[in-house]
Amino acid sequence: MSKRFGRREFVRRTTAAGVAAAAIPKTLFGQPSTGPGQAPVMMTPKGVKPCVVASSNGNRSKDDQGVTCVARAFKMMADGADVLDALVAGVAIVELDPTQTGVGWSGLPNADGVVQLDASCMHGPKKRAGAVAAIEGVRTPARVAQLVAEETDHHLLVGKGAQEFARSMGFKIEEGLINETARKAWLEWKRRTDPLHYLDPKKRAQAWYDAGIQMVREGLIDGEHFWGTINCDGVNAKGEICGVTTTSGLAWKIPGRAGDSPILGAGLYVDGEVGAAGSTGRGEANLYNLSSFVIVEEMRRGAHPKDAAITALKRVAKSTIEKRLLNAKGQPNFGLNFYSLNAKGEYAGVSMYEGTYAVCTENGPQTLKTDALYEGRPTD
Amino acid sequence: MTKMNRREFVQATAAAATVPTALFGQAPTVMTPKSVKPIVIASSNGHKVKNGGAQTCVEKAFSMMTGGADVLDALIAGVNIVELDPLDDSVGYGGLPNADGVVALDSCCMHGPLKRAGGVAEIEGVRTPSKVAQLVMNETDHHLLVGKGAQQFARAMGFAIEDDLNTENSRRKWLEWKRRTDPLHYLPAKERSQAYHKVAMDMIAEGIVDAEHYYGTINCDGVNAKGEMCGVTTTSGLAWKIPGRAGDSPILGAGLYVDGDVGAAGSTGRGEANLFNLCSFLIVEEMRRGAHPKDAALTALRRVAKNTIEKRLLNSNGRPNFGLNFYVLNAKGEYAGVSMYESTYAVCTGNGANTLPTTVLYDGKPTD
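The listed protein sequences derive, respectively, from chains A and B.
Take the first sequence: its position 186, counted from the start at 1, is 1562 in this note's numbering, and no numbers get skipped.
Take the second sequence: its position 77, counted from the start at 1, is 226 in this note's numbering, and no numbers get skipped.
What the hints contain is simulated information worked out from the structure, not anything from laboratory work.
Only a predicted model underlies this, so the values are computations on that prediction, with no experimental measurement involved.
Please note that the accuracy of each hint is not assured.
Facing chain A, according to a computed beta carbon distance under 10 Å, are these residues of chain B, among others [stated by the list, open to error]:
hint : residue
1    : 266
2    : 355
3    : 400
4    : 509
5    : 511
All C-beta atoms, glycine included, are put in the ideal place defined by N, C-alpha and C.
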């Protein structure tokens, strides 16, 4: 057997000197560096224009100082923080925003009225990754995902086990964690879908969907929050790339349903030497097509972030063959967005239908229109 | 917009030659070539245990497939033998439990022609998680159910939920592991994960635990004469895992991927390597660009080696210190068993069932 060294030693050896200054409590990446002060294999170019890209909620929710996710992440990154620390701190603004019913603790609950969250993150230069699926009672699952990457030998913890892990990492586990707006919306949904306790089981899946869409139309819930998620990716001036995705998942999902957000390659993929890609929208389409991985592979072969994401969208359209998932034009009847950037700092926001995304560069945070594969709307 | 409900969809796509509980027989878009030589390929445990019956996994799947059954139904009936056999303590009933002594299972499956897929992670109390994965595919709009929710779903689908899936064998092995790792209830946290690994390696060296069952899993893929391809992966996961740890087996693209027009790939071995590198998906993508199953799998193994940079995962040669196997076939019926280090795999064609040596990336052993 080879000689081994402990995790702490590993972290010290691979922690960049600059990170130490911006220490975040409880993160090992923030410890003083005693090693050579570089990631083990860094083949990324220096002198990249730093950039943070995210779903559009990344430039909407604000902390108490009025700072958005992409702005905070960009600032921390520019101040020398580890890229992933910066991104996780950024998405925490969205996770903690009580008006956000698509991400974090205030997200819309599952069919039983229980909030279950999904998140994943990847650290490009360190080639480490972590994720949690269907975790209950924790407000910031992205931070738990980061600790799975740092503190375990695994990439994915689910359900009760993920919660136990969070508890052992010092997270407060809150019983019945639910936001009042989300709870009221769930009650309304329950009333519509369960007037006699249960509908005919054959019709139920359709009724659940119809009730959700109807509530979106009536303005009771935000359409973007039905499948709401945040993905946020960043590259710093050294070309170090990281990414994070976090969500409360599909509103009123079957308890235990995990979407694409906790799955590496589906809701997020990062290759430190190539680029990062993440997604929001119908999770099942990404679980099936591993779209984030496809985008990174396309970028590896030289494609621009935009073209790489368009390729992934075309792949999704090609493998969507069930009639219930197609609109009158034979195109997918769901939304799907990708956020991608490469090691050169080029980036794109791309979607199946019209959408927006958030970006922050040296010019400040902005909300931009995505490049769309199809004109019109999913429901046309 | 008009929608079709699930029953209508199923009726529209079900064939005349119906197989009970199988909804398939005629896929909506089959772009695969006709008259392929049928084949079933699996990890080597696919041609070892028989659960008291006459056939191994690959034999059962091959005979059902050539008898006209849906490819995925055939594969799942095959892996059910391994899941149910108490002698295989790496898969299904009697699998080595997690750190708390609870057996928690992972599985996923994909149907090539129908472009549908399902998976369950960390499901407790059900002996055949591959069947539950198939029902996630058939009966829900989702691809992945986890933990308690996956168990509730299985209950709703009519599965008996058992309190404990340990056999006397798996329980005794867990007790021995517990005795060694927990003499003072707990070691210091920093030393614990290292001690867990060392104890397991000692138990393997002492012959108490089968090395292949430490990370043991079964993957089984098949193509019938019409070129219809499916795959399934099922496991009890890493022995003595942290409760809640999900490996690659339930994750589409990691422990299994099938593209009905291209090929199928699945894996056994260190799940984290596949979760990080999406190897099964990568192999299918390589085949899509024309690579032979063997070359596609070698590309994935090289990617794993390249992305394995932590010293604790490297041996004294600087190579990965873990085993990883891929089982691959394409739409033409070409196939390969490929692994990081020396290993075997199971295959069944018109010539009968065989256990064959894999093509390896590296000579020697993971621990060299």
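Right, here's what the structure says about each hint:
About 6 Å separates the beta-carbon of residue 266(B) from the nearest beta-carbon of chain A, less than 10 Å, and the hint is met. Violation of the interface hint for residue 355(B) is found here, the shortest Cβ-Cβ separation to chain A being roughly 15 Å, above the 10 Å cut-off. Here the hint on residue 400(B) is kept, as its CB sits about 6 Å from the closest CB of chain A, short of 10 Å. Proximity of residue 509(B) to chain A is violated relative to the hint, the smallest CB-CB distance being about 19 Å (cut-off 10 Å).
Against a cut-off of 10 Å between C-beta atoms, the interface hint on residue 511(B) is violated, since the closest Cβ of chain A lies about 14 Å away.
Comparing the model with each numbered hint stated earlier shows that hints 2, 4, 5 do not hold.
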